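There are 2 protein chains.
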Amino acid sequence: MKILGIDPGLDRTGWAVLEKGGQGGAARLLASGLIHTSKSLALEKRLDAIYDRLVSVIAANTPCVAAIEEVFFSKRADTQANTTHARGVILLACEKQSLPISAYNPREIKKTVSGNGAADKVQMQKIVQIILGLKEIPKPDDVADAMAAALCHLRLAPLRLAMKNATKRLQIKGNCPGSRFSGSTVGRENI
Amino acid sequence: MKILGIDPGLDRTGWAVLEKGGQGGAARLLASGLIHTSKSLALEKRLDAIYDRLVSVIAANTPCVAAIEEVFFSKRADTQANTTHARGVILLACEKQSLPISAYNPREIKKTVSGNGAADKVQMQKIVQIILGLKEIPKPDDVADAMAAALCHLRLAPLRLAMKNATKRLQIKGNCPGSRFSGSTVGRENI
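Residue numbers (the working numbering), protein chains in the order written: chain U, 1 to 191; chain D, 1 to 191.
Okay, chain U solo, but in the shape it has when bound (with noise of 0.2 Å):
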């Protein structure tokens, strides 16, 4: 099982590739990169290269789901942005490429990674690279959250299948009238 680990952004996109089924079922780094664009490049020009090089970062490691970071909220109107302009060509990216896309945000992945909702990027690159046994540190840090991402989702997706399942059931059954788990879930097609 391969992960795709994403951490979006326009100057940066960090990226990593953990495989599942070392010794003991631990985690291992297959690969990781970074996608840099340059701050004189106009906007579309920039995604454009983003978009590009993901989609080759996805043909030549055939990973079977992505984990990208959300958006973290920034007080900087223009840094969120220029993210999320970034995160909307990623998240394309995988699609096209018919890969599964699993969300965690950024508290979340520290969390279930760390055990420390507000651990520091110091802190996260250190506990990453022992869970991945690196010799040194990864970084820089976009790479090593991508990492995280990815760590996060090994982590969470069963948890999260489990849920689903257990949704699942209940709505089969139809006994929890008035909750969100009642009748269907899937709306109209309006594409």
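These are calculated hints, taken from the structure and not from any lab test. The structure displayed is predicted, hence computed values, not measured ones. Careful, some of the hints might be misleading.
[Unchecked claim] Below, in silico cross-link-like pairs of lysine-lysine (DSS-like), each with a Cα-Cα straight-line distance of 25 Å or less:
hint	chain 1	residue 1	chain 2	residue 2
1	U	K45	D	K45
2	U	K45	D	K164
3	D	K96	D	K2
Here the structure of chain U is known, so what remains is to put chain D in place on it, guided by the hints.
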């Protein structure tokens, strides 16, 4: 000269193609439409649908430039994030089709088209109707906003070009040392 105006949104993206060159150089509407995606679909599937539909719109209408609204900073963070994700794939669709992009903020569009940067939706719809000589008020307002973006470009593009040329002349002369006009504005290419 055909202009594609776009009002980005995840639920609804309005688009309109205008042509300049009617009687007295007036703009006329060639085509318009709404790309609607269902809330019941996953974000990546909605982005994929917007991208594909917009690529089809560009191929069918062969515009020579796109005028796209910038994201309006909403108090609702989720709405703003949705619109920005959509805008990311819209910019990518234009770039992949080699369509140059001009971006305008909503206030700039209102001010340029109606003379009032705080014009409401109904005022804008009525003004767009009059300028384009439409029999009926353009609806929904996402489509009217796309028409307004294209009209804004028609008025502002010649001014922007004149400003750009003036800046270029100042740069060549190098007569503004230390100012934003001194030296080259082309930075390093790091993609």
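Check your understanding: Are there hints from earlier that the structure breaks, and if so, what are their numbers?
Key -> Failing hints: none at all.
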